[in-house]
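Student: As a plain string of letters, each chain reads:
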Amino acid sequence: DTAVSQTPKYLVTQMGNDKSIKCEQNLGHDTMYWYKQDSKKFLKIMFSYNNKELIINETVPNRFSPKSPDKAHLNLHINSLELGDSAVYFCASSRRMDYEQYFGPGTRLTVT
Amino acid sequence: SQQGEEDPQALSIQEGENATMNCSYKTSINNLQWYRQNSGRGLVHLILIRSNEREKHSGRLRVTLDTSKKSSSLLITASRAADTASYFCGSMEYGNKLVFGAGTILRVKS
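Read top to bottom, the protein sequences are chains A and B.
Mapped onto our numbering, the consecutive letters of the first sequence carry residue numbers 1 to 112.
Mapped onto our numbering, the consecutive letters of the second sequence carry residue numbers 1 to 110.
Pulled out of the complex, with its shape left as it was, chain A reads as follows (with noise of 0.2 Å):
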């Protein structure tokens, strides 16, 4: 059983248009949080939600809009994607937000 799960695991498509990246965590943890990690391996927090209230709103362009329709879910949408959008977008949920994380798969996100 998967614990955090990401779909779709690959995703291409062309500058301007939206798209949307889910995520489901099944360990009951009360958190979850959207990651991007750069071709650089650099990886730095964009959202985090505690109990479906968004907590940590980092300086993400507003085209970036998460939504958590229950504590089980946090998905990533994405408006007028851009060339530098491209990345590998990681999901991943803690018991509480000062816990270990667990992260998901991993999005692979390629903007031509």
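Treat the hints with care, since some could be wrong.
Within a straight-line C-alpha distance of at most 20 Å, the following computed EDC-like cross-link-like pairs (lysine to aspartate or glutamate) qualify [unchecked claim]:
| no. | chain 1 | residue 1 | chain 2 | residue 2 |
| --- | --- | --- | --- | --- |
| 1 | A | K44 | B | E93 |
| 2 | B | K56 | A | D98 |
| 3 | A | K41 | A | D85 |
| 4 | A | K44 | B | E5 |
| 5 | B | K97 | A | D30 |
| 6 | A | K44 | A | E100 |
Note that these hints are calculated values from the structure, not bench results.
Please build the complex by placing chain B on the supplied structure of chain A, with the hints as guidance.
Tutor: What follows is chain B alone, placed relative to chain A:
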């Protein structure tokens, strides 16, 4: 802004040798966490050390934390080929934001 820095950027050792990776951070932390990332996969949590702890062990892993120097080290003893991966430290700020360094690429040659 990037919080942590890791050193070295890359490390290549023979199987059976020990590997030491260092991490530095900039602000006060609640805890520090080490993760492993195999190529093309997500991060896997290895060990968490709290700010009031100085050393922690888990199997072949030993982590130290020096809050006065704002640094941590990860020691992997008796390395195996399967330890080949990137290793990241994440410093948990008091705002509950986990900030990662750039990682150390470890290659263990068999």
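Student: Now tell me if each hint is right for this structure.
Tutor: Here is how each hint holds up against the structure:
1. A hinted pair counts as satisfied when its Cα atoms are at most 20 Å apart, and K44 (chain A) with E93 (chain B) qualifies at roughly 14 Å.
2. Taken as a hint, the K56 (chain B) and D98 (chain A) pair is honoured in the structure, with Cα atoms around 17 Å apart against an allowance of 20 Å.
3. The suggested pairing of K41 (chain A) with D85 (chain A) holds, with an alpha-carbon distance near 14 Å, which does not exceed 20 Å.
4. Straight-line distance between C-alpha atoms of K44 (chain A) and E5 (chain B) comes to about 13 Å, which keeps the hinted pair within the 20 Å bound.
5. Of the pairs offered as hints, the one joining K97 (chain B) and D30 (chain A) holds, with about 15 Å between alpha carbons and a cut-off of 20 Å not exceeded.
6. Distance restraint check for K44 (chain A) and E100 (chain A): the Cα-Cα separation of roughly 16 Å lies within the 20 Å cut-off, and the hinted pair is therefore satisfied.
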